[in-house]
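Protein chains in written order, with my numbering: chain D, 2 to 289; chain Y, 192 to 598; chain S, 34 to 374.
Using C-beta positions, here's what the derived DEER-type ranges look like:
1. P126/D - Q262/Y: 56 to 62 Å
2. D437/Y - I113/D: 34 to 40 Å
3. R86/D - P190/S: 52 to 58 Å
4. I328/S - P457/Y: 36 to 42 Å
5. L179/D - P457/Y: 58 to 64 Å
6. L241/S - D174/D: 28 to 34 Å
7. I328/S - N259/Y: 38 to 44 Å
8. D522/Y - I328/S: 41 to 47 Å
9. W44/S - R86/D: 40 to 46 Å
10. S172/S - P457/Y: 47 to 53 Å
11. P457/Y - G168/D: 50 to 56 Å
12. Q278/D - L212/S: 40 to 46 Å
13. N565/Y - F128/D: 27 to 33 Å
Simulated from the structure, these hints should not be mistaken for lab results. This one's a predicted model, so the numbers in the text were calculated from it and none came from an experiment. From the three backbone atoms N, C-alpha and C, an ideal C-beta is built for every residue, glycine too.
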Amino acid sequence: MDLAAVILVEIVYAIASLVLISAGLAIVFGMMKVINLAHGEFMMLGGYVTITAVKAGVNIFLAMILIAPLVVGAIGLIVERLVIRHLYGRLVDTMLATWGLSLFFVGGVTMIFGNTTTGISTPIPGFPIGGYQVNGYNFFIILVSIILVIAMYAVLKGTRIGLIARGTMQRADMAAALGYSPDRVYMATFFVGSALSGLAGAVLAPLVGLVPSSGGAYIAKAFITVIAGGPALVAGLLSSAGFFGLVNQAFAFALSPVVGEVALLISAVILLRVLPQGITTRFFRGRL
Amino acid sequence: MTINRRAFLSASAALAGTMAVPRLGAAADTIKLGSILDTSGIFDAYGKPMDMAMRLAVKEINDAGGLNGQQIEIVSYDTQSDMALYTQFGQQLVRRDKADIVHGGILSASREAIRQTMRKAKTLYFYNVLYEGGVCDRNIFINGVTPAQQVEALVPFAMERAGGNKVYILAADYNYGQITANWIQKYVEENGGEVVAVDFFPLDVADFGSTIAKIQGAAPDLVIAPLVGGAHLSFFRQWAAAGMKDKIPLASTTMGVGNEHKVLTPEEGNGIMVAYNYSQELDTPANKAFKEAWAEAYGDSSAIHEIAVSNYQGVKMWAEAVKKAGSTDRDAVIAALETGLSIDGPAGTVTVDPKTHHATLDVHLMVVEDQGMNVVETLPQRPPIDTQAVCDLVANPDDNKQYEIKI
Amino acid sequence: MRGNQWREYLWIVAVGVALIVALPSAIDTYTLTVLLVYAMLGLSLGLIWGFGGILCFGQAAFFGLGAYAYAISAINFGESTIPMLIAIIVPAAFAAILGAMMFYGRLADVYLGVITLVVTLIFYRFMNSTAGPEYMIGSARLGGFNGIPGFQTLNVPGYPDFYVWGDSLYYVVAVALLLVFLLVTWLLGSSFGRIAVGIRESETRMSLMGYDVRARKTVLFTVGAAIAGLSGAFFANWAEIVTPGLFSLPQSAEIIIWCIVGGLGTRIGPMVGAAGLSYLKFLLGQQSLVDNTLITGLILVLFVLFLPRGLVPAIVSVAGRVLTRRNRPSRRLRVRRAANG
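Given the sequences, and given the hints that come with them, work out the whole structure.
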């Protein structure tokens with residue numbers, strides 16, 4: 002019974018962390034059709050910002066929730082102005098340019114911080130469920146992703162800004178004709194996407210040993226989750242993260258974490274073969 | 192089309208031009224020491240201090256008048272944590288640079304990538320890293336600790352401190368981890384214990400949540416974790432975050448080799464039991480002098496780690512042999528080393544084991560305390576018993592393979 | 034048309050042989066060998082991406098598969114001739130299955146990219162977790178992260194003791210590359226190649242014209258994988274060790290970067306990109322001032338922004354403009370010509 006509860010927590014946690022990892026990429030890809038392969042590096046930067054801030058004496062929650070997203074968002078803004086802006090509508094080129102950016106960031110961070118593993122400890126202690134000790138921080142991550150999903154949905158569905166953003170993504174020319182500059186909308190969207198990547202990296206930082214190449218571990222997972230999710234932003238993100246998180250943890254518990262990872266990858270191949278345009282082309286159609 | 196080819200030709204000519212940069216200071220009467228290490232890329236946390244240690248050793252030798260009146264010239268290559276570049280630069284060292292000696296290689300894969308090249312070219316090769324043991328080749332000398340040297344000492348120590356005999360093993364899923372896990376199993380059983388489970392993790396696994404739950408299900412008295420690299424460091428983090436650290440004690444044969452214990456906070460690292468040849472906290476005059484020399488050369492001695500010291504001791508060992516042989520000739524140096532040559536390094540006495548070309552050295556049992564490794568007990572002069580069981584270069588000088596040591 | 038074609042082959046052979054003879058005096062042969070191996074790998078992706086429009090993120094999978102297939106079979110056979118063939122057949126067969134699965138499922142662009150990427154990652158993960166003694170194929174241990182060292186390297190067919198290594202390995206690889214280049218030239222000149230380019234331009238148009246787009250893409254994909262497999266086998270022979278790093282994400286990335294920098298839609302571009310950038314990497318390995326990853330990244334970003342068609346087409350178009358100043362072809366034509374150069 003206790004074990005079942007622990008497994009349940011781990012599954013929910015796996016889904017939540019997939020949502021967190023993929024949210025930034027989902028916004029940038031789902032809304033702008035830009036595949037940001039530097040997404041993992043934005044997360045890595047978020048982690049480094051958090052660690053630097055905490056070591057400078059800032060409160061850890063402040064560093065994670067506020068400082069890291071803002072700093073990484075600002076970096077994203079610079080990247081958008083300098084590089085991405087010139088490449089809208091050229092899917093493959095944006096992929097390659099952001100791939101280059103990811104290498105650039107890895108190299109740059111290596112030069113600044115060195116290639117040694119850094120990290121901070123988790124601010125929340127573990128606690129027992131029956132005879133088992135669980136990581137209290139997992140609940141924090143679950144909480145953050147729930148808030149994140151609700152916020153994304155509320156902003157896109159309920160606010161004027163969300164409406165303008167969605168409109169611009171569908172028909173940039175019409176939005177422009179109505180007086181909204183697509184350029185500014187894209188810029189803002191990319192800022193939000195990068196900030197979310199920074200948030201994800203920051204929140205996950207206390208759980209991992211951070212190195213400049215850490216981003217590589219996330220990008221494939223995020224990429225797969227977003228593509229498999231399909232066109233509906235929030236529903237796609239939730240359904241594919243739910244599916245992959247479940248598959249991953251089920252196999253991880255039954256066999257080993259490696260089998261879990263491989264099972265995730267194989268299920269991604271099968272899923273894309275069956276639903277080539279993603280889950281939300283068949284289910285949850287027309288949802289957000 | 193023609194333009195195309197012309198452009199290609201001139202491009203290759205331009206490339207060729209950059210290649211022909213003359214090498215400076217290549218006077219005929221220097222000894223060339225080739226060094227081949229990952230000083231960038233994901234393994235540079237290991238490689239950079241090793242490079243610094245090598246330069247420090249060479250500088251000390253040169254300042255003291257060189258070897259047999261000759262100065263040492265360093266030819267070093269950064270392999271960027273890319274195995275293909277080991278082959279490339281290994282070839283370059285023996286063919287173009289004609290190095291007299293090559294020190295280097297970090298991962299076992301990198302050693303195997305250049306070992307045959309060195310052997311074919313009859314260039315003496317020193318591999319100065321803690322590794323899984325079993326290499327048997329007359330052309331190579333190894334100054335790192337092997338599993339049996341370490342594990343034989345660590346297991347009883349950790350089991351006694353843990354006060355129980357059920358052991359859970361978490362190992363990195365590659366050659367080193369597999370072999371070390373076997374040795375741990377053997378010594379746990381010899382000491383009257385029981386291994387409840389062995390789990391292997393590829394080097395890029397960073398999420399140990401399910402594993403930590405599984406360990407709790409098995410309820411061992413001790414966890415021994417030969418985990419390697421940045422991703423695996425997450426285990427120690429998540430273990431502490433789950434509040435397990437004070438419930439089940441931890442031991443490791445690898446944590447700290449790249450100064451990982453300085454990355455973990457005291458709350459995460461305190462109490463982890465390890466066994467190595469070197470610790471910065473080693474309280475000996477030799478270590479004090481070494482740390483001072485390092486601080487003088489690089490400003491700060493905190494970067495020193497286990498395999499940096501191995502590399503330093505390796506260079507010093509080779510230098511001693513060259514002095515004894517009176518030349519850098521490969522066979523003369525090998526003969527000098529095979530007399531059972533011995534030096535006093537920062538980590539204590541290191542002696543060549545003539546049968547295996549491995550090293551007999553001191554192993555210190557330590558406990559991590561406030562980001563340092565406090566020495567609890569020193570076991571002097573442990574021979575490489577694992578490799579000795581399979582390798583005898585005195586009887587078979589032509590042997591050339593890495594044995595899988597049967598336990 | 035026929036005459037032209039023959040003249041082109043003759044030109045290629047003449048220039049190729051001249052280069053093979055001339056290059057060793059500029060660069061050491063052990064470096065050249067691996068540059069040519071990478072050039073062949075670049076050519077394989079250049080063929081399927083540049084001419085077939087298939088953006089494969091996993092060309093490294095076929096490269097690695099070729100290298101592993103060679104290493105494993107060389108240990109089992111103790112002679113190199115059959116293993117060389119196996120190293121071509123295994124990746125090709127795998128590509129045929131994977132390609133059929135993707136193309137008959139009408140997967141395209143990003144989705145195809147994801148699948149090939151994921152397949153590469155699966156290989157990487159799997160090979161990395163094979164350190165245990167239970168992973169054996171015949172008498173070859175897969176070795177996990179450390180890879181497989183110590184296999185039989187290339188020998189004169191039928192004589193396992195006569196090794197082809199050092200300078201002779203260079204000449205073998207160079208001639209093989211020349212042959213592959215001729216093969217690719219022939220393929221692109223044939224109706225198959227022209228239809229492939231047609232499919233790249235518009236899949237719908239070609240299928241409306243009655244061509245079986247799915248089958249043709251699968252065949253092209255398979256040919257590319259076979260070439261990548263051959264280059265993998267040569268790489269194994271040069272490095273004398275194969276490791277899971279061959280399947281890694283950076284390796285796949287590098288191949289794509291070579292094509293972009295050299296120039297897509299050309300045969301020479303990806304080869305120049307591959308050899309040039311790898312050579313740059315070697316040179317950078319001898320300095321420690323600037324991080325090498327940073328430079329690679331910067332090169333890629335700058336090329337995508339300022340020279341998206343790559344080096345070779347850019348040089349060709351500049352040269353073309355200079356040479357034909359009087360009779361200036363339209364921009365469209367120039368692009369088309371660059372694409373076929």
